[in-house]
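Protein chains in written order, with the working numbering: chain E, 180 to 291; chain B, 544 to 941.
A couple of the hints might just be wrong.
DSS-like, lysine-lysine: derived pairs with alpha carbons at most 25 Å apart [claimed, not checked]:
hint, chain 1, residue 1, chain 2, residue 2
1, B, Lys873, E, Lys267
2, B, Lys745, B, Lys822
3, B, Lys745, E, Lys237
4, E, Lys213, E, Lys237
5, B, Lys784, B, Lys583
6, E, Lys276, E, Lys213
Coverage of chain E stretches by chain B, computed from C-beta distances (three or more under 8 Å per stretch; other residues unrestricted) [to be verified]:
hint, region
7, 240–246
8, 252–258
Calculated directly from the structure, the hints in this document are not laboratory data. This one's a predicted model, so the numbers in the text were calculated from it and none came from an experiment. Positions of the beta carbon are idealized from the N, C-alpha and C atoms, including for glycine.
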Amino acid sequence: MNEQLFAYRCLQCGELHHPQHFVCRKCGARQFEKVLLEGEGTLVTWTRVYNLPEGYMKPFLCFGIVNFPNGLNVSGQLEVDQPEIGTKLQTTVGVVKEGIGQDYFGFIFKAK
Amino acid sequence: MRREVGIVGVGHPRFGKSSVSFTDMCCYAAVDALDDAGIKTGEGHGVDQLFLASMGAQMLNRQSGIASALVDTLNLRPAMAESVENGPASGASAIKLGYMAIASGMCDVVLVIGGEMMRVVSGWEGTDFVATMLHPIAEYPYGLTLPAFAGMFTRLIMEKYGVLESDLARVAVKNHENAMYNPAAHIQLVPKLEVITEDEDKDIINPYVAEPLRLYDVCPVSDGAAAIVLCAMEVADRFAKKPIRIAGIGQATDTHAVAEREVATDLLAVRLAAQQAYKMANLAPQDMDVAELHDAFQILEIVESEEVGFFPRGEGHLAVRRGETKIGGKIPINTSGGLKAKGHPLGATGVSQVIEIVLQLRGEATGRQVEGARAGLAVNFGGFGNNVVATILTKEVE
Ligand SMILES: [Zn+2]
Numbered sequence: 180m181n182e183q184l185f186a187y188r189c190l191q192c193g194e195l196h197h198p199q200h201f202v203c204r205k206c207g208a209r210q211f212e213k214v215l216l217e218g219e220g221t222l223v224t225w226t227r228v229y230n231l232p233e234g235y236m237k238p239f240l241c242f243g244i245v246n247f248p249n250g251l252n253v254s255g256q257l258e259v260d261q262p263e264i265g266t267k268l269q270t271t272v273g274v275v276k277e278g279i280g281q282d283y284f285g286f287i288f289k290a291k
Numbered sequence: 544m545r546r547e548v549g550i551v552g553v554g555h556p557r558f559g560k561s562s563v564s565f566t567d568m569c570c571y572a573a574v575d576a577l578d579d580a581g582i583k584t585g586e587g588h589g590v591d592q593l594f595l596a597s598m599g600a601q602m603l604n605r606q607s608g609i610a611s612a613l614v615d616t617l618n619l620r621p622a623m624a625e626s627v628e629n630g631p632a633s634g635a636s637a638i639k640l641g642y643m644a645i646a647s648g649m650c651d652v653v654l655v656i657g658g659e660m661m662r663v664v665s666g667w668e669g670t671d672f673v674a675t676m677l678h679p680i681a682e683y684p685y686g687l688t689l690p691a692f693a694g695m696f697t698r699l700i701m702e703k704y705g706v707l708e709s710d711l712a713r714v715a716v717k718n719h720e721n722a723m724y725n726p727a728a729h730i731q732l733v734p735k736l737e738v739i740t741e742d743e744d745k746d747i748i749n750p751y752v753a754e755p756l757r758l759y760d761v762c763p764v765s766d767g768a769a770a771i772v773l774c775a776m777e778v779a780d781r782f783a784k785k786p787i788r789i790a791g792i793g794q795a796t797d798t799h800a801v802a803e804r805e806v807a808t809d810l811l812a813v814r815l816a817a818q819q820a821y822k823m824a825n826l827a828p829q830d831m832d833v834a835e836l837h838d839a840f841q842i843l844e845i846v847e848s849e850e851v852g853f854f855p856r857g858e859g860h861l862a863v864r865r866g867e868t869k870i871g872g873k874i875p876i877n878t879s880g881g882l883k884a885k886g887h888p889l890g891a892t893g894v895s896q897v898i899e900i901v902l903q904l905r906g907e908a909t910g911r912q913v914e915g916a917r918a919g920l921a922v923n924f925g926g927f928g929n930n931v932v933a934t935i936l937t938k939e940v941e
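If we strip away everything but chain B, and leave its shape as in the complex, we get (with noise of 0.2 Å):
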């Protein structure tokens, strides 16, 4: 019999630039966490294994077996410890494992940590890292990038939808405006609306990255680490939050080559891991009172929002131009600031994410908090689309 899994605990410092080793960074979060859940370190602790989200660690900062370092480290010894690499999808991997040693009943506590450091490399050096997730034959030797993708999906959005460049700017406002209220956002600045769309020097200001995708459509790149306690409910009382329940996860995959898929529009594994989510959750999209979704291009936001379900095909733009995907809307989306203001660090976005739900579902979501809010749908998108991870959290009724 499946065992039911919530999470107790959370940490999450300021995304940015670290100044600390990327183990310490994993550590920082991961103490944040276990004092969160109550969890005394040292000899008791009750942790039964620990998993490490990371995409580039090996390659970024040439470490490897970082699970079996952070492990002792924390002095968690001799709980189980594996890393997870999943591109930009591994934090949401990670959890994913967690609450199966959970559900299993191999495990009652899992520590999970996410945690990338991208900027001790150049710029080009980080885009050609993250390039490597791409076709080692029909597509990274041509030097085509996730930019590179998302400026062609993009285009073909346009075509078809009739997005706007403005849409795009709308929506990475919005986030900017909802990560002005959380404290751990890496961007702590707004940009104004007119100026990035309609400035006489806009293309200095907001320069074309890739055609048609200006600078203010894509996430910064960012250092940061971000840690969850999981629980069999059961033993949740040990702990001191009360248990957010993981109600639903989905994963499904599709073509590497991107030029293959049946529907170029479509963001199908998007579609199919959300599907999959609310069937275990026996819950639908209509029952979501907030979401972050995987915005490492603002494109994606939008169209994602169409993918889960909440709002037909080709309508998501139309949405955002009404304002029912702000605090106070129809489906507040990103109100972390997503990735475009809190940061992108591959391996802890799937972290953050679901972070950023406990703490709506908890009602700690201070200055940004959606009222009364019980139940919410994470999406982490890797590669460029080929392996997508949904996770819905519920909030225990009292």
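Just chain E, with the same shape it has in the complex (with noise of 0.2 Å):
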């Protein structure tokens, strides 16, 4: 399954948000257009944990604020070994985590 992630981009001033809102944080109106987020994003932080919630058998993972080249940061799991903030960095979408009957999709950033 191709699976895709969007940000909103406001229809009135343009202003782009992810995740959606009802109204635009900058102008006031509420129709927007989905735009692709897709590509190559720089890491802005992130961690690794240790004690996951209920649902994760995993003994850690990793988390980060990435920046897209369009200004949006979003929040995403990590797959890099080493990570370093300001490294760049490859937007996938897969499963993050497994629910009975319906898994969830979000971003998922690899090294390049």
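Build the complex from these two chains, which are given one at a time in their own frames, with help from the hints.
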């Protein structure tokens, strides 16, 4: 399955949002168009977490905040051995949580 | 016209692991607060309203309508009653609502109880429960948690301002030392700074939780309840204790998704809430003699101490190194032991912080008293900083 993730561009002022907002954070308008979020991003910060919540059968997971060239910052999982602030990462979309009858898709950033 | 509001009773049983039910735990705190105020239970108690602050009793204890249950078992009927949920800032929110109820003239006396029973569930269930306040699409499904965001925030602050792991440990050791004098604190032992920062086995003694955060940089999981009695200043002479005045309250919100913050190293809602509280109280940061700051993660105490105006941005950790936040220092922070050592039963925390300021202003903080304290600030931090309540208390001039 080819899952995709989007930013939401305000039709009135062009402001980008992720996640989706009901009202534009800049101009107050309420109509948006989807813009594909893909390609390369820059790692802003990261962590490796050892105490995961219920539902993640792993000893640890890495997370990061990634900055896209369009200016948006998003959170996601990292599949990078030695993350470093400022590194360029490749955006992928994959299963971030396995659910019963429903998997959750999200950003998984990988080393280039 | 707005009426003045004071605090005339406090109740703070020890935080830790509760051996009684959620409602009983809340009642023990409530009767301590009523006793402190000199309010006799039963007929003529005079309590007009009860607020119960809890983030998760519905999820953790599978109980709802708890404020109504408490008002009955405490025999305060037919007083008004509501439950308040505002994440880990529920406690200060409930005090704010109590303030509003009295200031408006609708009530004369309000009982505020904060409580959380978190140790009834496993660690990973508890971590999951707390994470439900994160964004339901952009954060929660990823397995992101509050410690994960605190770890990412800590790394940014370290990069930008040169904060070291040992600075976080210094904050933790200070708070544990303060908690030794607080009989209500969950943890009553002091880790040695060298052991948690330099020992060759430090990765076992003080392992990473969410890099670069280690175990001692994070608060424990606690059960607990705390309660206060608020009253209109014009009826304060009915009570056994002299009132401590609520001089200012501020509250501010920020983006739900943490990645959307304008400046990733700022805690904007803390700054705005504090500014609002100072303005209402007509006081400034330098007028504060003592403060309780929300140190669920030790980095937060450092950055909050800057955002509330005690120190310039990027210099909070330098003040910690100089000992300025210890008792006897320029501005003692978390004399109660903070969330780090006193414990952090979510809904109880905001009430507990205000109680510590009340005890300091009364001169009842035995062993940890800040001499001559006349004004204090409490900051209660919800989400990862997306809803923050600041409260300023002052001692009445004799
Ligand atoms: Zn717009």
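To see whether the hints hold, each was checked on the structure:
The suggested pairing of B:Lys873 with E:Lys267 is violated, with an alpha-carbon distance near 44 Å, which exceeds 25 Å. For the hint linking B:Lys745 to B:Lys822, the alpha-carbon distance of about 45 Å lies beyond 25 Å, and the restraint is violated. Taking the CA atoms of B:Lys745 and E:Lys237, the gap is near 23 Å; set against the 25 Å cutoff, the hint holds. Distance check on the hinted pair: E:Lys213 and E:Lys237 sit about 33 Å apart at the alpha-carbon level, beyond 25 Å; violated.
Under the criterion of a C-alpha separation no larger than 25 Å, the hint pairing B:Lys784 with B:Lys583 is consistent with the structure, at around 14 Å. For a cut-off of 25 Å, the pair hint linking E:Lys276 to E:Lys213 stands: about 24 Å separates their Cα positions. Figure legend: the region 240–246 of chain E, annotated as covered by chain B; annotation consistent (4 residues with Cβ-Cβ distances under 8 Å, at least 3 required). Chain B is given as covering the region 252–258 of chain E, and this holds because 5 residues of the stretch bring a CB closer than 8 Å to a CB of that chain, at least three being needed.
Checked against the numbered hints above, the structure breaks hints 1, 2 and 4 and satisfies the rest.
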